[in-house]
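Participant: Chain A is already provided as a structure; the job is to place chain B on it using the hints.
There are 2 protein chains.
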Amino acid sequence: MSEQQSNGAPAVEGLSERTRAKWAAASTPEKIAANLPPMLDLTIENITENVMKINSMCDNPRLRYLILKLIQAAHDYVREVGLQFDEWEQAWEFLTKVGQISTDVRHEFVLLSDILGISALVDAISYPAVPGATESSVLGPFHDEEAHSFQYGESIFTEGTPGEPTIVRGWIKDTDGNTVPKALIDVWETDGNGVYDLEHDGNADPNCRGKIFSNEKGEGPLPLPHMHFMIEHPKYTKLITALYSRDSNFVESDTVFGVKKSLIVGYKWCEDLELAKEHTVTPIVKTIDGKESTGFWLLEQDFVLVKKSPPPPRKTED
Amino acid sequence: MSEQQSNGAPAVEGLSERTRAKWAAASTPEKIAANLPPMLDLTIENITENVMKINSMCDNPRLRYLILKLIQAAHDYVREVGLQFDEWEQAWEFLTKVGQISTDVRHEFVLLSDILGISALVDAISYPAVPGATESSVLGPFHDEEAHSFQYGESIFTEGTPGEPTIVRGWIKDTDGNTVPKALIDVWETDGNGVYDLEHDGNADPNCRGKIFSNEKGEGPLPLPHMHFMIEHPKYTKLITALYSRDSNFVESDTVFGVKKSLIVGYKWCEDLELAKEHTVTPIVKTIDGKESTGFWLLEQDFVLVKKSPPPPRKTED
Chain A
229 MSEQQSNGAP AVEGLSERTR AKWAAASTPE KIAANLPPML DLTIENITEN VMKINSMCDN
289 PRLRYLILKL IQAAHDYVRE VGLQFDEWEQ AWEFLTKVGQ ISTDVRHEFV LLSDILGISA
349 LVDAISYPAV PGATESSVLG PFHDEEAHSF QYGESIFTEG TPGEPTIVRG WIKDTDGNTV
409 PKALIDVWET DGNGVYDLEH DGNADPNCRG KIFSNEKGEG PLPLPHMHFM IEHPKYTKLI
469 TALYSRDSNF VESDTVFGVK KSLIVGYKWC EDLELAKEHT VTPIVKTIDG KESTGFWLLE
529 QDFVLVKKSP PPPRKTED
Chain B
229 MSEQQSNGAP AVEGLSERTR AKWAAASTPE KIAANLPPML DLTIENITEN VMKINSMCDN
289 PRLRYLILKL IQAAHDYVRE VGLQFDEWEQ AWEFLTKVGQ ISTDVRHEFV LLSDILGISA
349 LVDAISYPAV PGATESSVLG PFHDEEAHSF QYGESIFTEG TPGEPTIVRG WIKDTDGNTV
409 PKALIDVWET DGNGVYDLEH DGNADPNCRG KIFSNEKGEG PLPLPHMHFM IEHPKYTKLI
469 TALYSRDSNF VESDTVFGVK KSLIVGYKWC EDLELAKEHT VTPIVKTIDG KESTGFWLLE
529 QDFVLVKKSP PPPRKTED
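From first to last, the protein sequence lines are chains A and B. Mind the numbering: the first sequence is residues 229 to 546 in the working numbering, read in order. Mind the numbering: the second sequence is residues 229 to 546 in the working numbering, read in order.
Please note that the accuracy of each hint is not assured.
Below, simulated DSBU-like cross-link-like pairs (lysine-lysine); rule was C-alpha separation at most 35 Å, straight line [claimed, not checked]: (1) A:Lys496 <-> A:Lys410; (2) A:Lys536 <-> B:Lys325; (3) B:Lys297 <-> A:Lys325; (4) A:Lys325 <-> B:Lys536; (5) B:Lys281 <-> A:Lys297; (6) A:Lys297 <-> B:Lys489; (7) A:Lys281 <-> B:Lys543; (8) A:Lys281 <-> B:Lys489; (9) A:Lys466 <-> B:Lys281; (10) A:Lys325 <-> B:Lys463; (11) B:Lys466 <-> A:Lys297; (12) B:Lys297 <-> A:Lys543; (13) A:Lys514 <-> A:Lys439; (14) A:Lys466 <-> B:Lys325; (15) A:Lys489 <-> B:Lys297.
A short list of chain A residues far from chain B (calculated; beta carbon distances all over 12 Å) [stated by the list, open to error]: (16) Glu374; (17) Gln379; (18) Gly381; (19) Ser383; (20) Pro434; (21) Tyr464; (22) Gly494; (23) Cys498.
Hints are computed from structural coordinates only; laboratory data are not their basis. Given the structure is predicted, the values throughout are model-derived calculations rather than measurements. We treat Cβ as the ideally placed atom computed from N, Cα and C, and that holds for glycine.
Chain A with its partners taken away, still in its complex shape (with noise of 0.2 Å):
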């Protein structure tokens, strides 16, 4: 047997570095062991008490309250469908593979918290409507932090990005009226094949994504085709949100359900070259209403911020 470090956990050389951050953490087993509860031949029925037992030492309240809760709901359920051994083999090895997709553009377990509804729950719990404030939505798995930052007016697609050219603008407001200044508007969208900059080979530079701050009237234009939207101010709640196309198929069966009526919007057809040039877009000729014309799409949307204020407290015992 080797030498033991001051907290009676023996020397040994070679170890891993999780081991040794292991090893140093831990107490001496006969003092760990006499801080447990004690537990022998679990059942069916006792081994969820016993197991909410084992996991309550910890000194954050909201922490233990989260986590007693999360062993009760996942015992409840495992034993509701009755799990079976191979079930939770290919619930493993599954989740196991979602994180190893993951990279630091791609969120897979955000993207499968989406298609379970949890997200949009968890956004709808966490920001509730406000009278007068813009509706949030969900994150989406697409988000990247690394977008550019462009000039308020600039265009966030490269030259030759597939799609139909699109100018957005408005005013960032509270629920007062006033217009704010100075807001981050973190921007980000498929081209027009319905494809994002994160979903081609390679890696390729940020495209159809920027952060724009809004001007000093708090107007905030970019020309772009879904969107969404994250607009932070140190003022104002952080608003994520999306706006939907009236026009499109999945309106009414997004799949990571976060259409909301007041973030569906309508683009309309504009013959304004004067805009079209201030905001260094390119006009296309297309048919409309049976007559060819030039010009692009413009959608207006004013965006409406919350106040901070303190936030509720949370839960921490039922």
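Facilitator: Structure of chain B alone, referenced to chain A:
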């Protein structure tokens, strides 16, 4: 806009393999949309029903049942604890890390399931105790398919492994008392320092683990020191179990909830040097009951397997 593929999806170049596969599997947007239930303006109250509706289009009745119940359980949990956005963020970031530190031999989602008592519960449900048969226990995160095979009686640890020599021997039997020859016994355990081979740096060879067939008489002896066993035979239900030493500090507080009374064993000090020789075990000198003694540890333990029978039907509805 690019040309369309046969299913109506546009043909786009440079897509990642993932996205290509996703598109190839899709029907046309119109067809998909026509088959989806309408949803709009989800609320905290109605979202669960809506999410279940859109996730109920699964042909496998058991899978559909598991998914729908999972949605219900997850939503009930989120609503009951009032899960907040930042807590949800921490949760998916944590789960991503769990997946990313997992490897072929390091199953961190199994460990997470273990410490939440889910593994032990699934084990109890999947393998109910059969009178007279050896009870099962949890798999744990340290099983490794890549373990070496050994001949009957060979030692599974390499020269210089810390610990004291131990011989484990016993019969593999069925519940009628018949011996079971040619059962595959897969054993894994820590070394004398309490460290699994997988916890060491680098890709060292498997150590303190191995696969052995029971002999013609069904006897399965192995020299070793806490021990996991997986015993397989085509005619018998696979037994995953573990033996827990009576002398362990943690026998009443196993953090993965695997201990059962019938699996607690005691090692005996043995001075039978002929037996040691037979199993290529080098005896050590140790003070036993105040006297110097040359010997090794012996554990005699039979394993009783259950004959395979048709599995009971699994729930597909309440």
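Participant: Each hint should be assessed against the structure and marked as holding or not.
Facilitator: Going down the list of hints, with the structure as the test:
1. A:Lys496 <-> A:Lys410: holds, 27 Å
2. A:Lys536 <-> B:Lys325: holds, 32 Å
3. B:Lys297 <-> A:Lys325: holds, 22 Å
4. A:Lys325 <-> B:Lys536: At roughly 32 Å apart (the allowed maximum being 35 Å), B:Lys536 and A:Lys325 satisfy the hint.
5. B:Lys281 <-> A:Lys297: Roughly 26 Å separates the two Cα atoms, so the pair holds.
6. A:Lys297 <-> B:Lys489: holds, 28 Å
7. A:Lys281 <-> B:Lys543: holds, 30 Å
8. A:Lys281 <-> B:Lys489: Within the cut-off at roughly 19 Å; holds.
9. A:Lys466 <-> B:Lys281: OK: A:Lys466 and B:Lys281 at ~31 Å, within 35 Å.
10. A:Lys325 <-> B:Lys463: holds, 32 Å
11. B:Lys466 <-> A:Lys297: holds, 33 Å
12. B:Lys297 <-> A:Lys543: holds, 25 Å
13. A:Lys514 <-> A:Lys439: holds, 30 Å
14. A:Lys466 <-> B:Lys325: holds, 26 Å
15. A:Lys489 <-> B:Lys297: holds, 28 Å
16. Glu374: holds, 17 Å
17. Gln379: Fine: 28 Å to the nearest Cβ keeps A:Gln379 off the interface.
18. Gly381: With a cut-off of 12 Å, A:Gly381 remains clear of chain B, as the shortest Cβ separation is near 27 Å.
19. Ser383: holds, 19 Å
20. Pro434: holds, 15 Å
21. Tyr464: holds, 15 Å
22. Gly494: Label holds. Min Cβ-Cβ 16 Å, cutoff 12 Å.
23. Cys498: About 20 Å separates A:Cys498 from the closest Cβ of chain B, which puts it past 12 Å; holds.
The structure shown violates none of the earlier numbered hints.
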